[in-house]
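Participant: Starting from the known structure of chain A, fit chain B onto it as the hints suggest.
2 protein chains.
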Amino acid sequence: MNPVAIAGIGQTPLRENWGKSLKELAGEAAFAAMYDAADERVDAIFVGNMLSGMSSGQAHLGTMLADWIGKRGAEAVKVESACSSGGSALRMGILAVASGEFENVLVVGVEKMTEVKGPDITAALATAADADWEVVHGVSFVALNALLMRRYMHEHGWQHDDFAPFSINAHANAIHNPFARFHQPLTLEGYRKAPMVSSPINLMDASPTCDGAAAVLLTRPERARKPGRPTVRILASATATDTLAVHSRKDPTWLRAAEQSVKAAYAQAGIGPEDIDLFEAHDAFSIMAALSLEACGFAERGQGPRLALDGEITPRGRIPIATRGGLKGRGHPVGATGVYQVVEAAQQLRGECGETQVENARLALTQNIGGSGATIVTHILGVE
Amino acid sequence: MNPVAIAGIGQTPLRENWGKSLKELAGEAAFAAMYDAADERVDAIFVGNMLSGMSSGQAHLGTMLADWIGKRGAEAVKVESACSSGGSALRMGILAVASGEFENVLVVGVEKMTEVKGPDITAALATAADADWEVVHGVSFVALNALLMRRYMHEHGWQHDDFAPFSINAHANAIHNPFARFHQPLTLEGYRKAPMVSSPINLMDASPTCDGAAAVLLTRPERARKPGRPTVRILASATATDTLAVHSRKDPTWLRAAEQSVKAAYAQAGIGPEDIDLFEAHDAFSIMAALSLEACGFAERGQGPRLALDGEITPRGRIPIATRGGLKGRGHPVGATGVYQVVEAAQQLRGECGETQVENARLALTQNIGGSGATIVTHILGVE
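Line by line, the protein sequences are chains A and B. In this text, residue positions in the first sequence follow my numbering: the first is 1, and each later residue adds one. In this text, residue positions in the second sequence follow my numbering: the first is 1001, and each later residue adds one.
Treat the hints as calculated values from the structure; they're not laboratory data. Just to be clear, a hint being listed does not mean it is correct.
A partial selection of chain B residues facing chain A, derived with a Cβ cut-off under 7 Å [unchecked claim]:
(1) Thr1239
(2) Ala1240
(3) Thr1375
We put the CB at the ideal spot given by N, CA and C, even for glycine.
Just chain A, same shape as in the assembly (with noise of 0.2 Å):
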């Protein structure tokens, strides 16, 4: 396999975004990673989505958007694993150049939420989810995150409360993010007045839906250089699945598929845990942001609340996470996300995030979870 680098990242401010369609945004994202790349040349396309059969009332994504940015003829597919789509579609895209298939392939995640045309929002997220076995009870998205919030509070002891520093954070970080959906800061008190959506989890600790698009351009190292800024490799990139239901597993609380995924990682990059200067965790919701910690080994179990109460999640703690806002505050539209956190993941990478710009910053950790935990997408990012 040949390695693969990172030319060029591109992204869309997250808003509720009534004035652009799906091929606009896709379409702003991909044009400014050939930009930053300086390379126009795309081979193949792969694109991240989940929601738009029933959100934009279009499939054929990947075609639509290799139409629209002018690159007819170029291969393109769409790649779906529910809220992991984005991070399926990068691994693909890596996979694309990697086999020497392809040498500049573009990978884009994209997502329009606030425009539904067919169920309702909370409907068509719940497609993540097992339909046969958990939604025909009438369980939603969050009601899942829920349940597993509160039995982990009841597994360790934990109070609401302390859940709030990864708001918190997420928050002080986005707003330092000029494409972030929330440039609002989070205050403790902020976070208990919350209106409850789902017990316990509040409306500070759920991400948001939101609009948006971001894109990297993938290709071998040696065309990706330029001068005057480090160039980021893909040094790892592993998925693991586990069941679709949360029932069906053995030990809710604990990311299987995220420790698999991240193992593997870890060993491709020849690394631990120790060695990540940051970690773009997938914290849809917090509960996600804490069993993430603990199952890439930054925290004992049970102990992922405890790293956040400490500080060590900040720009300049131990394991700084969401520095661009997060799932929280950078915003979740779903199939986008594993594409925005690895835009992130190289923007730190390169020294471009000024005060929440992480020092010293040679290798990120990213994760994308489709499910309450079914898919689990890892990469690793690091400079030459």
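Facilitator: This is chain B only, laid out in the frame that chain A set:
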């Protein structure tokens, strides 16, 4: 890139299958392929599907299937390119083995079309076309194909009757395929009398909706060999795209992407159209069969119907198509079709097709079309 072979094939009957869910259909085909291969090892799963979110309220099909068939942990993802999703999933699976990333890869195409929960099936299928520029005007997918057929008849002077042999051949062959949707012969009289759907396309020009799944287990050739039967190899795999909207094409009655894709495939295999023994074409509508024959080099432009009228597309003709019934006779479960085509081509190359066996079949072409010619996925299979 390493050579890739088909270790096993599997499929379900194509029916209105109210009694089986998506995962039951997909699992049935997957187990059949593993049984046929006498190999249960699965390192990664690629699922081709278009409509599951809209039709079954279920996204996340890759992981759902891994879970269902007892391959928890294995990498899994869904690949979508509208009606060519099956072909695209197969192509990703081939890339995964050819690259050396995985040794045993399961590719499953699955679709449920009769049990639609969301929009009606016509609206769901229209998501394959351009939502912003085509569907917004109220055009359905069959109407787009009707426009192409009308234009083609005008340009080349064909009458509606001239397309009958495509459907008659498809039905005649389907009778001998136990999995096929239809087992009724079609006569010219029956073709003429069929109800109009979207002029000039009548019910006998159009492939039926149905539920079903097909699967192939891909691996390295040395692992695929079994005593007493020929080993089927993947000799070529290529995708090309065109504009999503038909009206954007300079020449709507020429499948430019099919030509581009098949030329790449011929080059990979080092052969030409004269070497192909059978062609599983994407005859979603009779016009598409004609256009495919022309784009792939079997007929001069505008002369596709001539081949059919001369009997050259039957199992004893110069270029047999729809040898197991094709989309018209076997059925067109959209996202699964591309995998059915390859399963059937493998059956031909193994000599398992009885009444519709193509004599001395050594090289088979399959071509899967997404949208009205927007995405074209071509594979060439051969025997060792």
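Participant: Does the nearest C-beta of chain A fall within a distance shorter than 7 Å of the C-beta of alanine 1240 (chain B)?
Facilitator: holds, 6 Å
Participant: Per the CB criterion, is threonine 1375 (chain B) less than 7 Å away from chain A?
Facilitator: Interface hint status for threonine 1375 (chain B): holds (5 Å vs cutoff 7 Å).
Participant: Tell me if the interface restraint on threonine 1239 (chain B) is satisfied: Cβ within less than 7 Å of some Cβ in chain A.
Facilitator: holds, 4 Å
When held up to the earlier numbered hints, the structure conflicts with none and fits them all.
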